[in-house]
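Q: Protein chains in written order, with the numbering used here: chain A, 385 to 814; chain B, 385 to 814; chain C, 385 to 814; chain D, 385 to 814.
All the pointers check out, no bait thrown in.
Label pairs and their calculated CB-CB ranges:
#, chain 1, residue 1, chain 2, residue 2, range
1, A, 715, B, 751, 47 to 57 Å
2, B, 673, D, 811, 44 to 54 Å
3, C, 517, D, 645, 40 to 50 Å
4, C, 612, A, 616, 34 to 44 Å
Hints are computed from structural coordinates only; laboratory data are not their basis.
Ideal Cβ positions, reconstructed from N, Cα and C, are used throughout, including at glycine.
Protein chains: 4
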Amino acid sequence: MPKDMTQETTIFTRRESEARSYCRGMDNMFVKAQGAEMFDQNGKRYIDFLAGCSSLNYGHNDPDMKSALVDHITNDGIAHGLDFHSDAKAAFLKAYEDHILTPRGMDYKIMMTGPTGTNAVEAAIKLARKVTGRRNVISFTNGFHGMTMGALSLTGNTDKRGGAGSGTLGDVTHMPFEGSLGENVDTLELIEAMLSNPSSGIDAPAAFIFEPIQGEGGLNAASDAWMQGVEKIARKHGALLIVDDIQAGCGRSGSFFSFEASGIKPDMITQAKSLSGFGLPFAALLIRPDHDIWKPAEHNGTFRGNTHAFVTARIAIEKFWSDKTFEKEIASKSVMLTTALQEVADLVPGASLKGRGMMQGVDVGSGDLAGAICARAYEHGLVIETSGANDEVIKFLAPLTISSELMREGFDILISATKEVVESHKIAAE
Amino acid sequence: MPKDMTQETTIFTRRESEARSYCRGMDNMFVKAQGAEMFDQNGKRYIDFLAGCSSLNYGHNDPDMKSALVDHITNDGIAHGLDFHSDAKAAFLKAYEDHILTPRGMDYKIMMTGPTGTNAVEAAIKLARKVTGRRNVISFTNGFHGMTMGALSLTGNTDKRGGAGSGTLGDVTHMPFEGSLGENVDTLELIEAMLSNPSSGIDAPAAFIFEPIQGEGGLNAASDAWMQGVEKIARKHGALLIVDDIQAGCGRSGSFFSFEASGIKPDMITQAKSLSGFGLPFAALLIRPDHDIWKPAEHNGTFRGNTHAFVTARIAIEKFWSDKTFEKEIASKSVMLTTALQEVADLVPGASLKGRGMMQGVDVGSGDLAGAICARAYEHGLVIETSGANDEVIKFLAPLTISSELMREGFDILISATKEVVESHKIAAE
Amino acid sequence: MPKDMTQETTIFTRRESEARSYCRGMDNMFVKAQGAEMFDQNGKRYIDFLAGCSSLNYGHNDPDMKSALVDHITNDGIAHGLDFHSDAKAAFLKAYEDHILTPRGMDYKIMMTGPTGTNAVEAAIKLARKVTGRRNVISFTNGFHGMTMGALSLTGNTDKRGGAGSGTLGDVTHMPFEGSLGENVDTLELIEAMLSNPSSGIDAPAAFIFEPIQGEGGLNAASDAWMQGVEKIARKHGALLIVDDIQAGCGRSGSFFSFEASGIKPDMITQAKSLSGFGLPFAALLIRPDHDIWKPAEHNGTFRGNTHAFVTARIAIEKFWSDKTFEKEIASKSVMLTTALQEVADLVPGASLKGRGMMQGVDVGSGDLAGAICARAYEHGLVIETSGANDEVIKFLAPLTISSELMREGFDILISATKEVVESHKIAAE
Amino acid sequence: MPKDMTQETTIFTRRESEARSYCRGMDNMFVKAQGAEMFDQNGKRYIDFLAGCSSLNYGHNDPDMKSALVDHITNDGIAHGLDFHSDAKAAFLKAYEDHILTPRGMDYKIMMTGPTGTNAVEAAIKLARKVTGRRNVISFTNGFHGMTMGALSLTGNTDKRGGAGSGTLGDVTHMPFEGSLGENVDTLELIEAMLSNPSSGIDAPAAFIFEPIQGEGGLNAASDAWMQGVEKIARKHGALLIVDDIQAGCGRSGSFFSFEASGIKPDMITQAKSLSGFGLPFAALLIRPDHDIWKPAEHNGTFRGNTHAFVTARIAIEKFWSDKTFEKEIASKSVMLTTALQEVADLVPGASLKGRGMMQGVDVGSGDLAGAICARAYEHGLVIETSGANDEVIKFLAPLTISSELMREGFDILISATKEVVESHKIAAE
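Sequences and hints are given; from them, build the entire structure.
A: Following this line, the structure appears as structure tokens:
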């Protein structure tokens, strides 16, 4: 490690909070990124199989977005505009309407919440409670919805929940996600039985909220039937249906929304991560128009409506979602992905594939093993992370725009790393 | 109103949530902004006395920040980097250490929370509860801390609180801010009496949180003595002291932190709004090092550490805070501001000045009157807003970098508007 | 109905709250009661198959208790003694130790809570939270634990929960009781799966609380295996085990404690209802000595330690529990009971038996039907009530001391009533 | 101490929970009581200045109540009757109507809650939330309302609150009681200011609840003006007014209800302690008829409507409240009491009198001192206790029926004890 690097690293340990995480294991200093590649200060290249946790579905510094953003800034376009009308916002809304909503027959109002996923989730559950007059929200095991108190109450992870200290994480019932109780238990039957029993103690729900593919929870992909079942139960019990599509949305699953194939019609949809297209902070809540009963500024925020993000998000939509080309490309890559991941899985006894579309991974059965493989891969120039309740899943989240060649190159690294780690574990066990 | 404008406006009413607020009264479509001026699509100019609610303390599109940001983007600098080490982050941290912390003798760890003020507040109260093992947080009347459930529980405003529907806003005791019970009541005595009484029912607090100058609550500026008193009470009762400096910080009050003159030493400080310098989403929580007990990723977020904001924030710090020039400039403008606001106040029977530094306003006694004046001013080309529990305060929040000429021009508009409205109210009353 | 009765009834409708319940359907005015018989003001006799909801397990006005109580009062014995030492309390404690605890190898401290079941439950969950430092308590579907806010939060019934209005019923996770999800679902597996998943969102529990036989919830009797399973899960996850034995205890199930056969060793046991033996208000919480960390008066109450109840409770223990005679008698009657209830069940298509010991009933499948049968039985001189989430179970709770003859006579009435109602329903259906 | 006594005491330490309190300092075993005298097993007599904390306002074992109760029991009167109609209940209700409500022009429905004060309080706040649809209840510093979770959330005492462990005591705002912030602060103005400020963060209250004379909180007697002020604020803000008259009611203050002189008209009144007249568990909630919106059994309880208590309560009402004789007697004794207490106060530098009617005491400034005096008095044959946030008040709560001679005798003991303790403290200080 060159000397200047050490110096530079010092500032992080000296001044940045202990809450930092990714940079602990992957501690190079990155200075540049393009497409699916990142470069550190020494010019070392890394293939990016993480993509900002699915925030960079269109890759780093997409040239068209870059160009539009530079133009906008150069021309003194609005940088911060509260919720004022702006040309950038109008163009974004128009593009969203024309290329996302209308072709899918969807009718939603768009709420620009604070530009973080957790804020969109908070807005959603607040609105669901306002609309229904009920308090209880049903979320699911292994679900991850954010770190602010409202979103955290929905989140399953014990360590994350521990961050609230003695603060109350209430008003939520946690139910089992599809498959989380083993293959033989129909979680929908269980949920329906609990809600239909007037003596179950489960208060009538304001809403159900779930991720179609649980990103942090281990790439658990809900089946269409399960999503339809949740929708049916929600309707029966007068609850709203909220889909948290923050990690699985924007094409990650294969379609713009990750639940499209299921035909469900959520009352609200949260979006963030890749919504700006460029990795800029941006989040939105889609609301069925008749539920849009917010009073002006009843939920507000300084950075709601990030204008720079409007600029890049519009380009992203126009470039990737104005026809079916991109979706077909994702479909084709997803097949390649499954094949490549199976190669990895075959190296680890008992390993199995998880997820869907370009959001798949390998459950290697242990967090230690998954962590060791990712660490070894990083040494060889691949950025990749784990997921799951016990961090047992190696998660592939490369840009959707990654080339076949780079994807293959990345997998070669991953496969080598897996072999090395499995081999050394074997030796250690002997 | 030209025809195309109407068309463009349609997309907002058709697609944007009813939660939108500023754009209702000030409904032009803005396309460009520079310094303290904004321009709509027809080229009409507006003087900006709002500055993104103090998010644009250095004006719109500062040329140096603009240039640095364009360079960063053009060179494929990191746009989204989770919490990875990056050159941009290192440079920001170094500048913050060198020009903000060290000269003030302050030693804090910096936590990059999600890039919104509410997220920094949530992180602060979570950490305070973890550190102390206590649950109760004391916040103050007219305080505003954000819209997510944890921050909203601290916020005083009834309408905002109503956004939570039937959700629980608990674990908080709301105490009276300085002056809120009239001049004769010493709120510190009251708070101390309640906390010292073992039968008051007020649970031992994990923390106190307050804004030195309440931005949304009506420009109520706490005296140094009051802030010192809160600190003393907090120490006595084993509670942490959190200063929410989101709106009053970054020079708005006259110094970088709005509490500097008081000599208090908060355990945590929240920053956002003007922290990026450019209006980009960015927030941080300063933590006394020994309280930085977060486990890795215990509070995380996709957009924590907005790299573009690091770039502009560094420039802002280096340009404005490397010596005392800027502070002196603010001091001088603040005097002018007081004079100018007094001219406005003199036009309204019973009106009085509020606030401190470049965060002052006129309490005209009624929200209707204040609203009417701001609306009239807007017609004449001035963007200005109200504040206060009943929106009764006309709030001046222009960029700190505004020229004397532009400031005067804006005040000429405000004075005309005030005269017109006061006159028409008189006529209506007769 | 004689005239004076009408007059007397008036005072109830005029002055007693609408919360009154039993007296609505069974509206005679009772003036006298002996053993298993009650008499109204006109001398009409009723056989009592309700026994104060299991508060009169030894029948009304047991002559020995009566005599001891009259002596105590006549001799100016303590009537109200706060928690002072008294001869009556000492004698009760001694009897409880000698005849209840010691023979069963049980070692518990006895906490005299306020003399109501709900108060004992509140004390239990407060103590469990103190002992473990955890907040979450796990209770079960169809569980009933009382009406005060803490106990109500544990209670499953929606109507009862509705009594809290908008008050928070938090800090509880409701889990499915044995059999509540159908025969094919192993509820223990489900509970274990949820608790073992670190991302389930179910916070580590301070305690499990359950009724071995759910009295209000429909006479659902937990199997020994299920109780053992709950104990095992509780131990594994560091949670305390609380058995609410208020309705099923004091011999109702066949043994003094309803869980004796299972061999489980609860950390706490709540008792009330028949504990005084005479129907007097009395409740207690048994606490494993090492968990008895209460500070003096940390949970207190004016009527804790009802001295009159000590007098009768001692007699009850000495008379009925100093040897095995009574238990054998209950066992023999329980067999008769099952036979008799089967006769009832045979009259109703689809009906099935529920419960255990002298706490059995017939599930007739509908609350309307069960209610109609009980109402008809009442007309014929039998006091009997329904139970269950939908009031679908005809519940037998006669004094354990009832004679075979009276029991038979009561069943003759119940069978006639069932026939009449079933017949008239058939006619109505045709 | 005789040997057998030691043996008997053993059973308490061996088997009774550490929660026990009074019996620790006053550890004789009592076996008999009459009027204002208690006798231990060795025949030692104690004068009772505690009266079961105001539960024995008519003395121990009043001969008329005793006789009626013995008759009732002997004749197999109902002992436990759930909420069935009974002759005893009818007679009680009639007496209550005729001698309590009608003469005072009061119209209330009577709810028989579980027979403990805390249960009546729980019912009151549940109903207030149901009636108003609001959640927040305002209670007061030094207030004591019970130990179950709902009532405990209203209670001010830190030690008592600590009994809840980590359980949530929410939905309550604690406001300062009259005088608790010093003589110069008008607590009503403060409360009104907080509630009228739409940005105070105090949610619109469902109810105010207070004790006219705070029994546990230190004999703080609210003035008529203050009670009227609270009523006015409650009406203005749409909140219900609940008076907790559990300790100060039933004549203790001089009139049957302790607030009668103020002319306020509470929406609900809680009663317990001396309601039965005989020290038997009994509690009731008086409800303004139009607020009596309970559904049948929506708040229930096994021992609601303690029939033995109906018998004695009726006698108490007829004997003491059918004319003004008793009230006059209390008035006259109250004057004597003030004089006697002043004699005590004169012995302690800085001591002052507190309370009202037959509920007065001496604030001696320190809990240690008050405790030492009470302990010394006990040695000399007087049962008397402390009260207050720091146990600094020696509290006189003798039966209202105590003879002048016995009262004088008790005071002679108290005065001796005070002298001795003050003297020894002086010596210790030298």
